[in-house]
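Under the working numbering, the residues of the sequence shown are numbered 215 to 583, in order.
Subject to a maximum C-alpha distance of 20 Å in a straight line, what follows is the list of computed EDC-like cross-link-like pairs (lysine to aspartate or glutamate): (1) Lys389 <-> Asp420; (2) Lys389 <-> Glu438; (3) Lys367 <-> Asp407; (4) Lys389 <-> Asp407; (5) Lys389 <-> Glu251; (6) Lys389 <-> Glu364; (7) Lys367 <-> Glu438.
Simulated restraints on C-beta separations: (8) Leu258 <-> Asp487: 34 to 44 Å; (9) Phe478 <-> Asp509: 19 to 29 Å; (10) Arg362 <-> Pro455: 12 to 22 Å; (11) Ala547 <-> Asp509: 13 to 23 Å.
Keep in mind the hints are simulated off the structure, nothing from the lab.
Values in this document were obtained by computation on a predicted structure and should not be read as measured data.
Every residue gets a Cβ at the ideal spot worked out from N, C-alpha and C, and that includes glycine.
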Amino acid sequence: MGASRALAAAVLVLVASGDAATQAPVRRLTTVAALREYPSYFHLQNVLVQGEFVDNGAQIVLRGGARDIPVALNDVPATSGLVEVRGHVIDVGRLEPADPRLAGYPAAREFDPWPRPGEELVLQVTSIAPAPLATSPSVRALALQPWRFEGQKVTIVGQFRGRNLFGDLPSAPAKSRYDFVLRSADAAVWVTDLRPRGRDFELSVDARVDTGRWLQVNGTVSLERGLVTVAGTTLATAEAPEMPRGDDEAPPPALPAEPGEVVFSSPTEGEVDVPAGSRVRVQFSRGLNPASLTDRVRVTYAGSALGSGALPPPQFTFAYEAGTRALEIRFAAPLEAFRTVRIELVDGIQTFDGAPVRPWTLTFSVAGN
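Sequences and hints are given; from them, build the entire structure.
See the structure below:
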């Protein structure tokens, strides 16, 4: 029994891994309060939130309950009243000021000093639609409008996801040892104070093999630290509900790829007395597309222009090591003594997923013989 259970768990993990590689980007249904509470979790995530657009005198924000978040509308027209907004979240302090993903948010150019992670968020809007007030409880309604049901007893149906085994939610309420996530489509909530077992079944909150079972849960809704929870009283197995057709809704867009950059080099910038027989090693923040390096690695002697009597550039070869994300430059002959060498990685180099790598320059001085 134990062996078959372990085998089933392994198969489930493999299937889930394969699905993750082929599925469209995930869109998370949440609230403005949750975005504010857990900026690191939602950074660069596709989200769907509800609220009203408000001009606070300095900028347009989306207000949901008592919290708000600045928005970059990107030519999407804002409308009045309760709206459903799709977009992706950027934690400005986790990016560099020149990051192209901030191009749609001009206010970022005014930050001085640059914000720390979690201090400044922006919602890059991709679409806006009117949103009706939720009238009946569901996992989706609780995820988007929890204040409509706070303190009320509800009945909801969703898939058992264990103790957040798939990262559906940003944190855990830590109410009991049996807290588990209930998910339906792109929405998820926590169920607390209720052991996931009933007639003819018992589910483990720590076993992926037990996930996927549809459950009906009764309990009372609460909202704390941006987390929607249902303090459960009873539960039972349920049939999977018929999901509404989503033919008129485009899938969430692929998120902007993170640019690559050099994070380490040997020699270092401005280093002196570098041995003439040295190799140059450059390490990147992300893996590269090796083909994009062709004709984009340049080595010259600084201050030496081609012409009569000019010192020709050093002859070299290079190799890229994918495992360490490192480029190694080897010279065909020892470098000229007492000269300054200039290494350039010019525009056009790309990461493995097509994002640009920031151009980079290194200069160092060669030691005497």
